Amino acid sequence: MEGQTDKKLRLRVLTPRGSLCDQDVDYVIFRSAEGDAGIQIGHEPFTATLNEGMLVYRANSEAHTLVVLGGAASVLDDEVTVISEIADHPNRIKQTIKELARARAALAEEERKGSMDIQVMEMGLRRALVRIDVSAYSIIKGRAGIMEFGEDAREAGNGGD
Amino acid sequence: MESVQGLKLRLHSISSTRQITRSMQMIASTKIQKTLRRMQRNAPYVEHFAGIIRDVMRFTRGVRHRYVAPPDAGRSAIIAVSGDRGLCGAYNSNVCREAVTQIRRMNRDVRCVAIGRKMRDHLRRRKYIVERAFDGASESPFYGTARDVSATAVEMYKQGAVDSVFIVYTQYESALSLLPITKRILPLSVPDENDADPRGRQMRFEPGAEEALEYIAPLYLSASVYGAMLNAAACEQSARIMSMDAASRNCADMIERLSLRYNRLRQSGITQELNEIVSGAEALLTTEES
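In order, the protein sequence lines correspond to chains A and B. First residue of the first sequence? That's 1 in my numbering, and the numbers climb one at a time after it. First residue of the second sequence? That's 1 in my numbering, and the numbers climb one at a time after it.
Just a few of them, taken from the derived set where beta-carbon distance is under 8 Å, the chain B residues facing chain A:
id : residue
1  : Val56
2  : Phe205
3  : Ala212
Computed footprint of chain A on chain B; a stretch qualifies when at least three of its residues, placed anywhere within it, have a C-beta under 8 Å from a C-beta of chain A:
id : segment
4  : 39 to 52
5  : 219 to 233
Computed beta-carbon distance windows for the label pairs:
id : chain 1 : residue 1 : chain 2 : residue 2 : range
6  : B       : Met254    : A       : Arg10     : 54 to 62 Å
7  : A       : Glu44     : B       : Arg64     : 19 to 27 Å
8  : A       : Gly42     : B       : Arg125    : 55 to 63 Å
9  : A       : Asp78     : B       : Arg37     : 28 to 36 Å
10 : B       : Glu155    : A       : Asp78     : 32 to 40 Å
11 : A       : Asp36     : B       : Ala50     : 21 to 29 Å
Think of the hints as simulated: they come from the structure by calculation, not from any bench. Note that the coordinates shown come from a computational prediction; the quantities given were computed from them, not determined experimentally. Glycine is no exception: its CB is placed at the ideal position from the N, C-alpha and C atoms.
The task is simple: from the sequences and hints, build the whole structure.
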């Protein structure tokens, strides 16, 4: 794939807390509502809602991963824009979720205790799904050696909070 | 006539007030830097999200969906953002006035979602329907609050209790330009006929155009509310800086005037005492001579 074309995709991964990626990439793989979607240069206009999962992209001959917990992706004119309320690097996602949960708990008031419980449970479910995902990628990486995955990511896959 | 002791007490009291206003100014300066950094980080998210919504609307022309219905002259909901605390000049009163103006302009059954104690109290005092109020999030907005606010608005919209949702907040243009504005956030704007894709392409949606809109629109609402809350927080701190700066300067002026009066009074007291001593001494001398 490399060297076939000089054209690259522009990938932007954006969250309310900042941008995680804004660079030229060779390809992007993300988990849409109907399964994993791979995007390369010249892709048709495409908009997808995202499930919780990993986003993999290749830039500067290196594969990179991000954890994305829902959101939406849009592909238009070789620009891929991924927006997500919660997304981060695999080694930081646990910390991010913890911070969000802590901040949310601090804000909880008596009147919205009912809705809080559901949200906390939802957060727990998402966290569990990501743990499974991250550990699966660690195994794949171990077998195929397709990407560099830090110790923290393996830890995130095995450990609980 | 004012006593020297009384003036001294007033001077002391004004100096303490100046210390407080200066501290508040410094705290507000730190907070605004933090909020502006958060705004800067959030800006691409809101900007590109708006772009995605524009593209989706462009490619879903003709798709009938409740979130893209043309604006109806029915009932409305207003999300109004103010501060929780005062001591920030006319910031709160300006945005509260804008909210009331909009409610009166709509001239119909308006349901309000208030962010900030000042807005909640202002609307309740005027007997408007405050569906839900969110306190304690104005100075340091949290995305979770924005999500709760948008969930309340979306719920009202879905149930058919309201036909459109507006947001009233103060837009941060610069430290000196704080502008209360009103924006419609639901239903989403329908694009012009000329705004079609020039190459006539079709967009593929997963799962489908309607399902995608159903999922994306509430997310966009949360993003818009969060953006508005960050803007409002920056405006509140900016207004507080200006207000506290003016208060500190007024304190300095008062201290200067009172110090002058205090010194004059003290000086006249000393002069009077000297006069009395001299007069006393002269009287003694005269008695001795005679």
